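Sequences and hints are given; from them, build the entire structure.
Protein chains in written order, with the numbering used here: chain D, 16 to 428; chain G, 16 to 428.
Read the hints as simulated data drawn from the structure, not as lab findings.
Values in this document were obtained by computation on a predicted structure and should not be read as measured data.
Honestly, I wouldn't trust all of these hints.
To be verified - Pairs of lysine-lysine, DSSO-like flavour, derived with a Cα cap of 30 Å:
(1) D:Lys116 <-> D:Lys95
(2) G:Lys116 <-> D:Lys380
(3) G:Lys173 <-> D:Lys380
(4) G:Lys173 <-> G:Lys116
(5) D:Lys173 <-> D:Lys285
(6) G:Lys116 <-> G:Lys95
To be verified - Not close to chain D: a few residues of chain G, all C-beta gaps over 10 Å, as computed:
(7) Arg34
(8) Trp154
(9) Arg181
(10) Glu261
(11) Gly331
(12) His397
In this text, a Cβ means the ideal position worked out from N, Cα and C, and glycines have one as well.
There are 2 protein chains.
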Amino acid sequence: MLTAEIIAVGSELLTPRSRDTNSHYLTEELNAIGIRVVMKTVAGDTEEYLEHAVRGAMDRTPVVITTGGLGPTEDDITRKVVSTVTRRPLVLDDDILNGLKRRFASRGIDMPVNNARQALVPTGADPLSNPAGTAPGLWIEDESNTVILLPGPPAELKSIFERECRPRLIRKSGPAVLVRRVYRTTGLPESTVDQHIAPIYSQYTNPETTLLARPGQVDVHLAAHGKTEAEAEALLSELGARIEDELGEHVFATDLREMEEVVGLYLIMKRATISVAESCTGGLVAERLTRVPGSSRYFTTGLVTYSNASKVDLVGIPPLLVQMGGAVSREVAVNLAESVRRREGTTIGVGVTGVAGPDGGSEDKPVGTVHIAVAGPDSTEHREFLFPGSRERVRWQSSQAALDMVRRLLATF
Amino acid sequence: MLTAEIIAVGSELLTPRSRDTNSHYLTEELNAIGIRVVMKTVAGDTEEYLEHAVRGAMDRTPVVITTGGLGPTEDDITRKVVSTVTRRPLVLDDDILNGLKRRFASRGIDMPVNNARQALVPTGADPLSNPAGTAPGLWIEDESNTVILLPGPPAELKSIFERECRPRLIRKSGPAVLVRRVYRTTGLPESTVDQHIAPIYSQYTNPETTLLARPGQVDVHLAAHGKTEAEAEALLSELGARIEDELGEHVFATDLREMEEVVGLYLIMKRATISVAESCTGGLVAERLTRVPGSSRYFTTGLVTYSNASKVDLVGIPPLLVQMGGAVSREVAVNLAESVRRREGTTIGVGVTGVAGPDGGSEDKPVGTVHIAVAGPDSTEHREFLFPGSRERVRWQSSQAALDMVRRLLATF
Numbered sequence: 016m017l018t019a020e021i022i023a024v025g026s027e028l029l030t031p032r033s034r035d036t037n038s039h040y041l042t043e044e045l046n047a048i049g050i051r052v053v054m055k056t057v058a059g060d061t062e063e064y065l066e067h068a069v070r071g072a073m074d075r076t077p078v079v080i081t082t083g084g085l086g087p088t089e090d091d092i093t094r095k096v097v098s099t100v101t102r103r104p105l106v107l108d109d110d111i112l113n114g115l116k117r118r119f120a121s122r123g124i125d126m127p128v129n130n131a132r133q134a135l136v137p138t139g140a141d142p143l144s145n146p147a148g149t150a151p152g153l154w155i156e157d158e159s160n161t162v163i164l165l166p167g168p169p170a171e172l173k174s175i176f177e178r179e180c181r182p183r184l185i186r187k188s189g190p191a192v193l194v195r196r197v198y199r200t201t202g203l204p205e206s207t208v209d210q211h212i213a214p215i216y217s218q219y220t221n222p223e224t225t226l227l228a229r230p231g232q233v234d235v236h237l238a239a240h241g242k243t244e245a246e247a248e249a250l251l252s253e254l255g256a257r258i259e260d261e262l263g264e265h266v267f268a269t270d271l272r273e274m275e276e277v278v279g280l281y282l283i284m285k286r287a288t289i290s291v292a293e294s295c296t297g298g299l300v301a302e303r304l305t306r307v308p309g310s311s312r313y314f315t316t317g318l319v320t321y322s323n324a325s326k327v328d329l330v331g332i333p334p335l336l337v338q339m340g341g342a343v344s345r346e347v348a349v350n351l352a353e354s355v356r357r358r359e360g361t362t363i364g365v366g367v368t369g370v371a372g373p374d375g376g377s378e379d380k381p382v383g384t385v386h387i388a389v390a391g392p393d394s395t396e397h398r399e400f401l402f403p404g405s406r407e408r409v410r411w412q413s414s415q416a417a418l419d420m421v422r423r424l425l426a427t428f
Numbered sequence: 016m017l018t019a020e021i022i023a024v025g026s027e028l029l030t031p032r033s034r035d036t037n038s039h040y041l042t043e044e045l046n047a048i049g050i051r052v053v054m055k056t057v058a059g060d061t062e063e064y065l066e067h068a069v070r071g072a073m074d075r076t077p078v079v080i081t082t083g084g085l086g087p088t089e090d091d092i093t094r095k096v097v098s099t100v101t102r103r104p105l106v107l108d109d110d111i112l113n114g115l116k117r118r119f120a121s122r123g124i125d126m127p128v129n130n131a132r133q134a135l136v137p138t139g140a141d142p143l144s145n146p147a148g149t150a151p152g153l154w155i156e157d158e159s160n161t162v163i164l165l166p167g168p169p170a171e172l173k174s175i176f177e178r179e180c181r182p183r184l185i186r187k188s189g190p191a192v193l194v195r196r197v198y199r200t201t202g203l204p205e206s207t208v209d210q211h212i213a214p215i216y217s218q219y220t221n222p223e224t225t226l227l228a229r230p231g232q233v234d235v236h237l238a239a240h241g242k243t244e245a246e247a248e249a250l251l252s253e254l255g256a257r258i259e260d261e262l263g264e265h266v267f268a269t270d271l272r273e274m275e276e277v278v279g280l281y282l283i284m285k286r287a288t289i290s291v292a293e294s295c296t297g298g299l300v301a302e303r304l305t306r307v308p309g310s311s312r313y314f315t316t317g318l319v320t321y322s323n324a325s326k327v328d329l330v331g332i333p334p335l336l337v338q339m340g341g342a343v344s345r346e347v348a349v350n351l352a353e354s355v356r357r358r359e360g361t362t363i364g365v366g367v368t369g370v371a372g373p374d375g376g377s378e379d380k381p382v383g384t385v386h387i388a389v390a391g392p393d394s395t396e397h398r399e400f401l402f403p404g405s406r407e408r409v410r411w412q413s414s415q416a417a418l419d420m421v422r423r424l425l426a427t428f
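Spelled out as structure tokens, the structure:
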């Protein structure tokens, strides 16, 4: 399978807040024609570093794409550096120069002298015309490497890539495609997921398997390549089916849907409605459910019963229950779920109460203790959790577990 | 000036949609202590490529930080690769192993065998304790390089960097200091903020001024360097005072506090309490208020009145009001704020109703129309907004505006 590296050039890309969106675009485009991106580099406008980066990439990888550094100013160094590394002296390309002059003339402007720099190309480089800007792209090919220089402005880069690069790269990569699938799981730590599936996926080099953990979630990514999409998809399906089988109901999505979207789809499919009474999550369960466009079809009401008084007044938790067992208990969670369900007349009611921290923990109920209940038409499920981590993580994991319990209940409808 | 490179490890970072937020965080932190980032690399989980990347970075640059690839699975290769490149064989660190065992034991789980891998360290590496997760960071230092291995999950990376790396790196970077200050503003678009303050900040090259816009918020960042912290701080204070003066009450924080934290501080200072009745924000206002540790001191109750029925039943909005003017109106917002305030007996009540989209807009009330009311002891403020952007952005900007109205009301107490 053909591989590529992307080198983004520009000191501004090394500041804290810049985002290299070009490399995301290129990765997607390259993957779609069966070329895998194996490394990405961001280099500033310093010749020495960029030289290092280009040389390293050419040593490792057949296709090297640079973005940026093709402008008309002193600190646009990509042409010069690539010329040095490939040992192709810069020469003036008359066609490019005339094109630049015409471009400025058509706007009634004399071409600034600086722009002539954009007509310098490494000997033997093939210009890639840029209808959207002044800097043409460049295509340099020898026995071992294809080096492609693209301008940094996204609109220019995209138009050159689509018109000039994609067709040539398709011819190079031959009939190969890369397809991806993700299995999103919840309820198991990353190491446990891996213990389950490593014996399966390690039998395959194609598809490649990668695990990615977030709080309350482990995503299993598969990437398969094949001569045709059908061939690659078949490989994905074979391994995918085995992984899904092994992980069972822990898998909540086989695409990039979030848990709240999956729950929303179930609610619509089962014609069910939902209401929530939550304490330690402070509105997060309701907020996640209502992130989904169209959630008014199934979500009616959320109660954030943060104070004990509001648990009593709003949901009708018996005051004695809160006084005796404390607000964090199985009984309060069940009562929250059943009361909000009854009060709002929904198919499902959710109750969450716990200790999110950092304060408020005790020996009995340390920070991270969370009780979650989900009430349905026939019965109420309850689970107690002890979540690790910060307040934010405890709250997030609680919301994830609550939504997952709803998903599992709906699956039985 | 000391320089650093960042190498992000993980095949998922080479897929089209991933974002390497860790490198942004690290760049910001490194800049703040006078260390410049000169190159960034993203490498997959392939030993050969990562070896190339680590070797290249160590050749070029004194400080090399890797993120990710320290997990317990087969494809977590950072430890192994760094051990190869630095020629420091992997050895089992008993302290780390025992820490891992304790961590699992405290959650009542037997440690999966795989996790023992996380106790392997290159000979002579200094473990950096990770209170937020299982993988410790590692610090390897020889004559020419400092190589720092950090785990990929952002919360873990941040906690290790702040506790362990920042103090050590400050000692290495020596007496040149870079200090930063941020003025967080809300209620003005980025271009308006810039129009106001560009005539001021453009008179200074030190501090450097950068504007950063997020939905509902524009942050003005100042960075000053000096021989001593006092010298740099004096430079910051001079420009900072002029900027704050110009932007007035739009500035809600002069540090990295979020709006909900600022509102929380005001509520405590003014001994006030708050409750919320929200519709289009779906719980986001309550969720943000309760993100703050200790928010139970002032937050009592949130009502997410998503359906019209729940607006009527729960808050007592007159049914005629919803039928006549629709649920998105000044009257409903005011009624939500005043009713929840009265019902819950809090100092302040907040009401939010609007059209978050993508559907539900009309010519009269296009997507982004949001009415917000804040009821206090003496009066109720109302504002109507038309927020641009996606559902997520409309909801976020609504929550920001609601919290800002609370902040401004509390300032008059």
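Now the hints, each set against the structure:
no.	hint	verdict
1	D:Lys116 <-> D:Lys95	holds, 22 Å
2	G:Lys116 <-> D:Lys380	holds, 22 Å
3	G:Lys173 <-> D:Lys380	holds, 27 Å
4	G:Lys173 <-> G:Lys116	holds, 23 Å
5	D:Lys173 <-> D:Lys285	violated, 43 Å
6	G:Lys116 <-> G:Lys95	holds, 22 Å
7	Arg34	violated, 7 Å
8	Trp154	holds, 23 Å
9	Arg181	holds, 15 Å
10	Glu261	holds, 23 Å
11	Gly331	holds, 13 Å
12	His397	holds, 22 Å
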